[in-house]
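K.L.:
Here is what each chain is made of, one letter per residue.
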Amino acid sequence: MDAHDVFEILIRDHADLLMVFIRSVVRNQSVADDVFQETLLVAWRRLPDYDRSRPFGPWLRGITGNVVLSALRQNRRILPLCDTELLEHLDARCELLSRNGRGDTLPEKLEALRECVRSLPEPYRAAIETRLNATDDTSTSVAEQLGINLETLKKRLQRARVRLLECLQRKLALAEVTP
Amino acid sequence: MTDEQERPDEELADRAVSDWLDNGKSDSMKQITSSQKRRIGDLLWIQGLLETAFRPEKMVCEAQIQRAMASVRHLDSGAVSTAAPPIEMTVRIRSKWRQSVAWVTAAVLVLSLGVWLQSRDPQRQAFAAIERIREAASVPRDREYLATLFSSDTNETNSRHVEAQLFVRGGEAFAVRAPAVLRPGDIWFGRDRTGAWFKPAVGPVLSGSGALVMQQRFLHGREHDAPFLQLTTVLERLADAYRVTLLSDEVPDRGSLTPVAACQHLRAVVRPLNGLPLWLPREIEIHAERETGTIVKMVLLCDPVEPNGLERIQFDFISQSQLPDNWYRPEGRQRIVKD
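The listed protein sequences derive, respectively, from chains A and B. This note's numbering puts the first residue of the first sequence at 1, with every later residue one more than the last. This note's numbering puts the first residue of the second sequence at 1, with every later residue one more than the last.
Check the hints yourself; a few may be wrong.
[Unchecked claim] Simulated restraints on C-beta separations: (1) A:Glu111 x B:Thr245: 53 to 61 Å; (2) A:Glu122 x B:Arg271: 53 to 61 Å; (3) B:Ser34 x A:Val6: 19 to 27 Å; (4) A:Asp2 x B:Thr33: 43 to 51 Å; (5) B:Glu163 x A:Leu47: 55 to 63 Å; (6) B:Arg254 x A:Pro123: 49 to 57 Å; (7) A:Glu111 x B:Arg254: 18 to 26 Å.
The hints are simulated quantities; they were obtained by calculation from the structure and are not laboratory data. For every residue, glycine included, the Cβ atom is placed at its ideal position computed from N, Cα and C.
Take these sequences, add in the hints, and give me the full structure.
P.N.:
Written out as structure tokens, the structure is:
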């Protein structure tokens, strides 16, 4: 097994969470893919600088943050608000996911989020699910599909996300204290 | 805390996230506090997780990892600045160019074949002009165009644009050089009779023989109904797609480029799109030299399919010259540099 193989294993281990991090600030799928690819190239070049006593995930996301900030200067499909402070906060959130707890894998924590979605009041759940399944990048068709106006949809999505945040935080906090 | 009892600062952050995610707007993110920023981060994190949980196809796939590893290995081979052997794999075209390649390829059909102007419009003068353009375009001479791609931008007064070079040899081949999105350098892509290829700013040349790999990627992704079925199918569709009108001769506005004499002026307006591919520009305007039929300027007006999507592509003729045969092949990319 050579260095490439080891790097590939590390990348496979962190790829999904890395993409969660990227998708949090990049709306466009193609730009997200590009940021992912660029991150890996930069990470490989900087691998000699990596401190092996520290976890790989935060180091990788640190590189991603720099790639995102660089892309931000060229592409508005990245959150304009994005800066070091916000990226560090997102990194902390991702790190929370990678810690062991009730569910020690990302898929299990995603299942916890699905549980949260299922527990939403019906109008909020429908708004979230329909929006996520929409093929285009706008909310207009989702509002039409649900038979509500755009402002109502936005309000429901906004409140649904807040409830999901609170729900997931409760579950993760519970996981922290559950042996 | 109930929805109605949300604190005002949180409400502002929540609304800002909604504006961004559901409306593509970021105006409400100005002048926010540090705690609001953290709140925004939390909600965006939830959105990132939701997409992971409910849209697994948006997450990292095997092909992405393989492509990244291929680029990593290529970096190590020291072949970044030398010609690299093409490898057979699925092409992943960089973001801005995913849609653009579709347009550029469509435009090449016009520039090289003039086929979608093979209108059945009864105007004989328009038809004669089109025939002259087609004849000139099909001659296998190398022509260079400046391609300028304008994106719609709801947040800015001025639309954004990207420039690229398009080289075309009759109906045989084309090559495009465009700036890379995330790093200094250029990407190249093109095709000739032997197949399609794509050269990223860093990494190996990607190519596929036979079918047009890049175009297949578009079809596979179904992001846009791009014209990459069978070429013959595309041409059949295009023949019926436009109503062409011959306007009065005029001198095209070429900005800072070398002025030209008055040109024949054609306008093609797309017919109702029933059954036609959605990517078709709604209008094409062409200026062509009266004597030679060479297209001097062509503007494609499009309906953006997404926020900040392409709304106009303009091609300006730069020069006609003799380029080496391998100009249109991936192996010629590194050895021949034209600055």
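K.L.:
All hints, please: hold or fail.
P.N.:
To see whether the hints hold, each was checked on the structure:
1. A:Glu111 x B:Thr245: 53 to 61 Å: holds (60 Å)
2. A:Glu122 x B:Arg271: 53 to 61 Å: violated (44 Å)
3. B:Ser34 x A:Val6: 19 to 27 Å: violated (39 Å)
4. A:Asp2 x B:Thr33: 43 to 51 Å: Given about 49 Å between the Cβ atoms, the range holds.
5. B:Glu163 x A:Leu47: 55 to 63 Å: Hint violated: Cβ distance 35 Å, outside 55 to 63 Å.
6. B:Arg254 x A:Pro123: 49 to 57 Å: For Arg254 of chain B and Pro123 of chain A the Cβ distance comes to about 55 Å; the hint holds.
7. A:Glu111 x B:Arg254: 18 to 26 Å: violated (59 Å)
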